[in-house]
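S.K.: The task is simple: from the sequences and hints, build the whole structure.
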Amino acid sequence: MNLLEITNINKAYGNKIILKNVNLICKTGEIIGVFGRNGSGKSTLLKLIFGTLTADSILIKINSETISQNNIIPSKTIAYLPQDTFLPKEKRVRAVIPLFFPNGDDQNKIFYAPQVSNFEKAKVGELSLGQLRYLELLIIGNLNHPFLMLDEPFSMIEPIYKDVIKDLLLELKESKGIILTDHYYNDVLQITHKNFVIKDGNKIEIKNKEDLVKYEYLNSNE
Amino acid sequence: MSQKQNSLQRMTSKAIGKYFLDINMFNIPFSLVIGLTLGVFWSIITFSTFGILIGYLGFYFFKENEYYSYYNLGFTKSILIKKIWLLNISISFVVFLIYIIIR
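Quick mapping for you: the protein sequence lines, in order, are chains A and B.
With our numbering applied, the first sequence covers 1 to 222.
With our numbering applied, the second sequence covers 1001 to 1103.
If you're looking for bench data, these hints aren't it; they were derived computationally from the structure.
Predicted model, so just to flag it, every value in this text is computed and none were measured.
Note that CB positions come from ideal geometry on N, CA and C, so glycine has one too.
Any given hint could be a false lead.
[Stated by the list, open to error] Quick list of the computed label-pair ranges, beta carbon to beta carbon:
id	chain 1	residue 1	chain 2	residue 2	range
1	A	Met1	B	Ile1091	40 to 48 Å
2	A	Asn63	B	Pro1029	46 to 54 Å
3	A	Thr7	B	Ile1100	54 to 62 Å
4	B	Leu1057	A	Ala122	28 to 36 Å
[Claimed, not checked] Here chain A is said to cover these stretches of chain B; the calculated rule only asks that three of the stretch's residues, wherever they fall, bring their Cβ under 8 Å from a Cβ of chain A:
id	region
5	1036 to 1049
6	1064 to 1077
M.R.: See below:
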């Protein structure tokens, strides 16, 4: 089992405090959901952990070993799904997969995954949003990184692929720890073990949809 | 060499190869324009210096999000740029030698 501990995350842009002394723990087998209104710091949090955004302060430990933000990417311990696609749009799916997995057996895990045969000959730029998101998740999920940070994996996805993605995430959590953020709260709440809201820079743990209303992420009539 | 090391090396080659092509897709036309205006020598120099900056900016403006592919494979921007710079320096050196010989 792997353990990711992040403590004392602080981030401000000028006078605007985005995250205030946030702490977070994620271990193999867990899916953690992060909610928050636009601009509350959800994506910022994931980027700070991944190391693509510099924190005012942060302490990251993986399996009790301290690791600097600069070394997260070279250490290959955390994979990251950004909001916008990271795959080259001009390439065909069957040409993209070997870029990440030179080994034939690893490639087959992607090629023989559910639904992939339907679009493996298409160009990345021709895929539907659901197909694209699913492919990206399959790719980063099959890397050996023990933790995944997912920024809006369900956003604008057609229902059939939402279910496929949820099944995939539940399968991946058997060997990984996952932190995800998305506005599609029903989908997130279906698969997560722990959830919290970011409000005014603070992390508030929530138990259910009523708490999302309580902490003003949702209106009471939603 | 173990199968794992071999696989890692092939992944590195493929990823760096793609970044090399993407950067030089902008660098080569720029270096050729320099060559046409200032001569072959400056074209070769540009290819391994200022042209890389042009390639970096081109990639940044048109394909920035693809950096996340490289990040997920363990390559930071500085690692990528250093590798491309070394490759282009080597190519420039060879091309320069050929230029000296046939001149």
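S.K.: Please check whether the region 1036 to 1049 of chain B has three or more residues whose CB lies within less than 8 Å of a CB on chain A.
M.R.: Not satisfied, violated; 0 residues make the cut.
S.K.: The region 1064 to 1077 of chain B covered by chain A? Criterion: 3 or more residues, Cβ-Cβ distance below 8 Å.
M.R.: holds (count 11)
S.K.: Taking the CB of B:Leu1057 and the CB of A:Ala122, does the distance hold inside 28 to 36 Å?
M.R.: Between B:Leu1057 and A:Ala122, where Cβ atoms are some 30 Å apart, the hint holds.
S.K.: Taking 46 to 54 Å as the hint, is the beta-carbon distance of A:Asn63 and B:Pro1029 inside that range?
M.R.: holds (48 Å)
S.K.: Could you say whether the range 54 to 62 Å given as a hint is met by the Cβ separation of A:Thr7 and B:Ile1100?
M.R.: holds (59 Å)
S.K.: Do the Cβ positions of A:Met1 and B:Ile1091 conform to the proposed distance bound of 40 to 48 Å?
M.R.: holds (47 Å)
Checked against the numbered hints listed earlier, the structure breaks hint 5 alone; every other hint is satisfied.
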